[in-house]
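Undergrad: Residues per chain are reported as follows:
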Amino acid sequence: MTLAAIIAVLFLGGVAAWLVERYRPGASRWATLASLVVSLVLLAQLWASATPGSAHHWWQSLEVAWIPRFGISFFLAVDGLGFLMLALTLFMGLFGLVMTWSDIRFRRGFFYFNYLWTLAGVVGVFTALDLFLFFFFWEVMLIPMLMLIAVWGHEERTFAAIKFFIFTQASSLLMLIAIVALVYIHFNASGQVTFNYLELLDAQLSPVSAWWLMLGFFVAFAVKLPAVPLHTWLPDAHTQAPTAGSILLAAILLKTGAYGLLRFTLPLFPDASIQFAPVAMAIGAISVVYGAILAFAQRDMKRLVAYSSVSHMGFVLLGLYALNTVAIQGAVMQMVAHGLSTAALFAIVGALQHRLHTRNMEQMGGLWTELPRLSAIALFFAVASLGLPGLGNFVAEFLVLLGSFGVDHWITAFAALGMVGAALYALAMMQRAFFGESRRTTTAADQKGLVDLDLRETLAMLVLAAFLVFLGLRPQPVFDTAAPAIARSLAPVTAVEAAVTSNSTDRPTTAANWPAATHRGETP
Amino acid sequence: MTREELFAILPLLVLTAGIVLLMLQVSFHRGHRAALVTTLAILAATLWACFSVGAALPTSGTVAATGLFSVDHTALFFCVLMVMAALAVAILAFHHLESRGASRAVGSYPEEFYILLLLVILGACCLVTASHFASLFLSLELMGLALYPLLGFTVVGDQSPQRDQLLSLESAMKYLLLSALSTALSLFGIALVFAASGALDFSAAAAALRSTGPSAGILTAGLTLLLIGVAFKLSLVPFHIWTPDVYQGAPTPVTTLIATVSKGAVVALTLRFFTQVDLFSLPVLSTMLAVMAAASMLVGNLLALQQGNVKRLLAYSSIAHIGYLIVAFLIGASAFGQEAVIYYLVAYVLTTTGAFAVVSLVADAAQPSIPGGPQPIGNAGEDPFQVEFYRGLFWRSPGLACCFGLMLLSLAGIPLTIGFIGKFYVFAAGVQGQMWLLLAAVVIGSALGLYYYLRLLLTMLQRDSESRDLEPGAIQVAVSGQVLVGTLTAILLLFGIFPQLLINWINAL
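Each protein sequence line maps, in turn, to chains A and B. In this text, residue positions in the first sequence follow our numbering: the first is 4, and each later residue adds one. In this text, residue positions in the second sequence follow our numbering: the first is 9, and each later residue adds one.
Watch out, some of these pointers could steer you wrong.
Unchecked claim - Short, incomplete list of chain B residues facing chain A, as computed with Cβ under 8 Å:
| no. | residue |
| --- | --- |
| 1 | Val-34 |
| 2 | Ser-35 |
| 3 | Phe-36 |
| 4 | Leu-186 |
| 5 | Pro-423 |
| 6 | Ala-436 |
| 7 | Met-443 |
| 8 | Val-451 |
| 9 | Ala-455 |
| 10 | Leu-462 |
| 11 | Arg-463 |
| 12 | Leu-469 |
| 13 | Arg-471 |
| 14 | Pro-507 |
| 15 | Ile-511 |
In case anyone wonders, no lab produced these hints; they're calculated from the structure. Even for Gly, the Cβ is constructed at its ideal location relative to N, Cα and C.
Input sequences plus hints: build the corresponding full structure.
TA: Written out as structure tokens, the structure reads:
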């Protein structure tokens, strides 16, 4: 029930925000804040009620028949992975709201309506266990996001919004075909029409159809992730979106792709995924390096951060398709850490643009003296993004590389180059924007001097920083929370692998020999 | 004819009597509002007749009224759909004619519009119940003949701008000529079928097909010609050339009528014809339909990309939509195929009616401020049919723009709307029939379609004029128009979120 309540609170909060703004300008923010806080409280309650280690895998689930004609039900459930993603979603939603508290002037009520509906859609995506419902939420989160970009975006907003939407929508239609085909094959075998994920896990697929269906899912998730040949919507959408929209996009919406791969593609199509894994890992590694190179080449600071997302999400893809627990733990950690660090970077770019009215780094420089607090925080998140040990991103990328190295040395080595690239672009960004001589063409309006981050913004940033440090120093809670879900997603894959290796004993099982990420203290 | 047979065609009888009644009323008392009220009453009576006949149908579900008509639940369902669309068209027509000074101008006779409208509906209802080539042809012609004057109806009122009159005449002439051609083709097709089977009712044709097998050349040729005639009415590529011009030039309510009732009735007839004669077993026809469907989806969407005129845009989009529908149609032999076609058709009729309703109401509201005369309007921002006119509509008339936006999203097949469920049915049907190439065309077509739907949607959302006092620019739509659009939107959302309601109804047919 809690899950449905969270979604309902967000949907209704959106409507309320739209309505109250009519009567009291500015009230929509408080309505948004209230509904986010209520959802977070509900989520905390969920955490408290969860009993880890119990036989029941799902912490909580809710199933109500929706379209019985097709065996479609309103089926929500949450496990550790879903909980992590929900926490990230709501927390980043709150962060985006606080950071852009006074940014939006135009039609504020409608803005927060779209903002909350996007979040509600994402929460639905992370909890839906009915494939139709999943697709439904997958699309529902797009429309308000489209509005956010198209109405409150920057100069090229219409183009960016349409591009974003067409990429995601066209690819998700492929997924819809794959979903329907999967259901149909399952129906032919069992005589039962159902979109229930748990039942479709048992579907018996021929290798050819499994391969094509897997590709249908993969393309939709790879566009969202984004993986390299399909990433071109991302720099435009991220750059043109308003700051709050960029935070939503980077911190949350990209994660839906990774989540989909882990939750749906791997367990539903284990054979095809094993076959496809080398290709996917290669795509991931290419994304890592390509994103880093392009990020280095940008002058627009927001574009730089956007391309760095391509690079970081490449690690997620690499880790997921290494198909072992260590790498996938790393990928999940990367999803969380990247969500935190990139959201902060976008917020910083947004704050800079708010003050300087430009995102062009060639017109910045020497900002440290004028904006010491903002610059120091920017430095923190820049080094977090380049993977400084002690912060969450380092743990994540290290685990991904560790886990994938046993699977494919060369691809992993190639991806590791991305770490060098990350250091290059992150430090170059710091150098160009915050150090050195000021290259700003000061106009009369700017003579008043720049205002540094105020208390609200600083606090929000510091909370994020604290989380990153915590994740870097003590990542174990995240691993423990995600472990059962990962094990479950990997179970079909390992079963297939075990069958293969028992047939051909000479095949090396390097991946299996890597240490599992369990509590050291628990092992005797 | 027995009593049961007469009762079974009660909806047709009510409509016919209503037409006579309206004609008499007009000849004694001319009044625009009175004509509208009578029309609405006749349509409501027809709805009642449909439901009462549906409730009283025997358990077999079919009543053959003479050899010409056969009434069953499916046919009655389509009748209800057509009559509902006609209700919307009548209301739109009232606003359309009023805003062009129908009641004030000398020499304008708006009442005729409703008589013609009822004739079209009569034709459509006959068409969906037809079980004989004679009734098929007659009702097709009845619909066509009533549509020609409707398309050129703008000429009657001397208050309408000359530009509209020219376009309207053009559209009527085009439709007349091309429709005559297609009629000739289908008539020739019917003749060939008669030559091959020696009978004119569907069941005899089916028997002939069974006995001769699919190799019979003359029969196949006849059916192919008939199918071309149908493709013409459905404006499937390559028989779509007339569509954009006719849609653009016609008075918008008539565009609505031709896009929904005329096409919907032909789809219903084709579905019945194909099922009863079992034409799905003829690979020639299926292949032809598949090719035309793929071409319609691609060409329709590609050409729509270029359009600056909303009516032309919707015309091309309707070409593409019939293409999607044919994908579901191709597995029509199964119960699921029927269900998919009907659901998609309902979604299409509902959404198209809604979209054209908004276009029509917006144009009516802008009518007083548009210059008359034969010249096209130079400034695209002042022409109510140009995309530019809709710039920032969301901030000026949020309610109307919201409804229009939802209609567009439904046309694009986005969840929460009925269009998504329709698209889902198309996908399910395509997967079931394993028509992967057609599905690829659907995906490509939908992606292309998104572009122009979104462009229109985002045009409405543009905020170039940031000032808050945009209210004077709000579009004043009459209350009945608002109610109409609001109702259509509500139904669109209802069946989009709870599709089971409509599915249950369709499955009960």
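Undergrad: So, for every hint listed, does it hold in this structure?
TA: Going through the hints against the structure:
no.	hint	result
1	Val-34	violated (47 Å)
2	Ser-35	violated (51 Å)
3	Phe-36	violated (51 Å)
4	Leu-186	violated (34 Å)
5	Pro-423	holds (4 Å)
6	Ala-436	holds (5 Å)
7	Met-443	violated (11 Å)
8	Val-451	holds (5 Å)
9	Ala-455	holds (4 Å)
10	Leu-462	holds (5 Å)
11	Arg-463	holds (7 Å)
12	Leu-469	holds (5 Å)
13	Arg-471	holds (6 Å)
14	Pro-507	holds (6 Å)
15	Ile-511	holds (5 Å)
Hints 1, 2, 3, 4 and 7, counting from the list given before, are not met by this structure.
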